[in-house]
Amino acid sequence: MNDLALKMLLGDRAKYIMLVSGLTFASLLMTEQAAIFCGIMQWSGSTLDNVGAPIWVVDPMVEQVNDTEALRDTDLHRVRSVEGVAWAAPFYQGVLRTRMRDGSFKFVQLVGIDAATFAGAPAEVVEGDLNQLRLPNTVILDEYGAQKLSRDPARPIAVGDSFEINDHEARVVGICRTRMSFSGNPYVFTTYDQALQYAPGTRKMLSCVLVGAAEGKEPAAVARRIGQATGLKAYTRDEFFWLTVWWFIENTGIPVAFGATVLLGFVVGLAISSQTFYSFVLENLRNLGALKAMGASDRVLARMVMLQTLTVGLIGYGCGVGLASLFGMVVLRKGMPPFFLPWQLPLLTLGAVLFICWMAASLGIRKIRQLEPAVVFRG
Amino acid sequence: MNRIAVRTSCVCKGFGEGESRTEVLKEVNFEAQMGELLMLVGPSGCGKTTLLSVIAGTLGVDRGEVEVFDSPLHRLQTKEVTQFRASNIGFIFQQYNLIPTLNCIENVSVPLRIQGATAADAEDKAAAMLETVGLGKRIRHRPNMLSGGQQQRVAIARALVHDPKLIICDEPTAALDSENGARVMEILRGVAARPDRCVIIVTHDNRIFRYADRMTHMEDGRIHHTDNPETGAMERQ
Ligand SMILES: Nc1ncnc2c1ncn2[C@@H]1O[C@H](COP(=O)(O)OP(=O)(O)OP(=O)(O)O)[C@@H](O)[C@H]1O
Ligand SMILES: [Mg+2]
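Protein sequences appear in the order of chains R and G. If you count the first sequence from 1, position 314 lands on 314 in the working numbering, and the numbers rise without skipping. If you count the second sequence from 1, position 198 lands on 198 in the working numbering, and the numbers rise without skipping.
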């Protein structure tokens, strides 16, 4: 009977297309919007990916990675003396204004790393040489910045070019690859000492202490020990990332905005599919009654209905997630908007689609259960 | 040598509750025999369709007994009645009730598929049956590509394909002109009626009365009398 159920479904082209497009739309909207949301959340913690360090030690007032509340220089030594710490390096980050040769202004995310250890240096230097960063007045710029800071789109900034940060010369000795920051400012790497030159003078400049755990020590355990010993907050990279994500979820309208769209996709999908499927069942009620009279049990009919909804559900899901991935591939190439599709997302969408199918099917099955086979004799 | 195929004793059936309740079947004693084509006739609203539904097991009774081939339908569970219908009864409806999105051969194979036959086996038998009703060349057509008479012939093929012992027809010719009606009746007479089978037809259509072995007349929820058009014998109740 299953093949007949499918033929019944496919035979009604209009309803079939309606059902599949409803579910495609729902899966697409849910997956794509959720992926953009995940992308934005990933951007919020970009600094953690661009500056690789296992443990981050910050002021207790700091709520997320883009916050800066300066530490005292002595804090660096206090952290270093905690047991289990292999190395500890100073780190500066701040948003500074740059001036180009032609006089235009741009903001950049300035990152200062320890010149001795290069702890926190960009992982992927695509052009130039990281070691030249030890020379005075030098920076490494990310690819996005090379484009953005250049006046001429055809000619991005290259190694050897220079510009000014707060009236200090910044000579580009390398181009690196980074993940875009939430604010959209390009990353500019320099040494910690050089960063202090660029940054407008304040007494305390130490944004953060980057720490590596000694061999064989759990970063989480070392972080806890640092916290206890110094009274500062120490997070592992993952802890700090999730802290940041939760901060954005709680303190911005982003989750609400995206959540509303995802919900909309779900509700529209549910409404279209249940409605269409229910009318499909209603229109076929006489025929289903005939099947029932001819001896098809409720169980067989329920299985047929289930199969029909599951078929349109899975096809719609495939199309929707496929389109969402296609969209993702296009925008990832462009870099905008952010897009991140963790494997859990398609699974969640599948769950939602299956739920929609189940709802639609149970409406139809209920109707079939109540159907008296004797109706087929009525004119 | 006539064996009883269907017997109802004192069957009562009503619809609705309280004030609006109407008794449709009032102690109906009905009998149909193996090997006969029996017509159930009577004025509109007298309860013919209701009685037919009771006999077919698609409608339960309030009181009384319904025996079809010695199976007491009134005592069986819904599931058992459903199974009984699947293997013993062929249905022909006034509106044909063919599934519009399935072609003829698929429609005809449905009763076999319900009983668990494979698609290939079922379609072999369905094709043979369509041949028998004169539609061998139309097996891949959809119902909406056929005339009313042809559709009813497909429905007859569907009713017969699983070789049931009881064929139930409600107004099989009401939607057809006299020529097509006659054709349908010829097929029912020639193919469906067999010594080991009973055909019960509810009808208003006096053009087809001549095909009946016996006619049972109903009036106001009761069997009035049964007569034999050929011998003129009449049994009153
Ligand atoms: N499911 C039902 N609910 C309520 N009343 C019903 C139901 N089925 C039948 N009836 C009533 O029972 C009476 C007999 O109906 P039935 O269909 O058996 O008559 P009939 O003899 O087949 O009539 P016709 O020749 O017009 O088809 C009618 O008055 C009808 O309104
Ligand atoms: Mg009737």
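Treat the hints with care, since some could be wrong.
[As the list claims (entries may be wrong)] With a Cα cut of at most 30 Å, we get these calculated DSBU-like pairs of lysine-lysine: (1) G:Lys137 / G:Lys125; (2) R:Lys106 / R:Lys204; (3) R:Lys15 / R:Lys233; (4) R:Lys7 / G:Lys26; (5) G:Lys79 / R:Lys367; (6) G:Lys165 / G:Lys79; (7) R:Lys217 / R:Lys233; (8) R:Lys148 / R:Lys106; (9) R:Lys106 / R:Lys334; (10) R:Lys148 / G:Lys125; (11) R:Lys148 / R:Lys7; (12) G:Lys137 / R:Lys7.
These are calculated hints, taken from the structure and not from any lab test.
Comparing the hints with the structure gives:
no.: 1; hint: G:Lys137 / G:Lys125; in the structure: holds (15 Å)
no.: 2; hint: R:Lys106 / R:Lys204; in the structure: holds (25 Å)
no.: 3; hint: R:Lys15 / R:Lys233; in the structure: violated (59 Å)
no.: 4; hint: R:Lys7 / G:Lys26; in the structure: violated (44 Å)
no.: 5; hint: G:Lys79 / R:Lys367; in the structure: holds (18 Å)
no.: 6; hint: G:Lys165 / G:Lys79; in the structure: holds (20 Å)
no.: 7; hint: R:Lys217 / R:Lys233; in the structure: holds (18 Å)
no.: 8; hint: R:Lys148 / R:Lys106; in the structure: holds (8 Å)
no.: 9; hint: R:Lys106 / R:Lys334; in the structure: holds (21 Å)
no.: 10; hint: R:Lys148 / G:Lys125; in the structure: violated (75 Å)
no.: 11; hint: R:Lys148 / R:Lys7; in the structure: violated (57 Å)
no.: 12; hint: G:Lys137 / R:Lys7; in the structure: holds (21 Å)
Checked against the numbered hints listed earlier, the structure breaks hints 3, 4, 10, 11; every other hint is satisfied.
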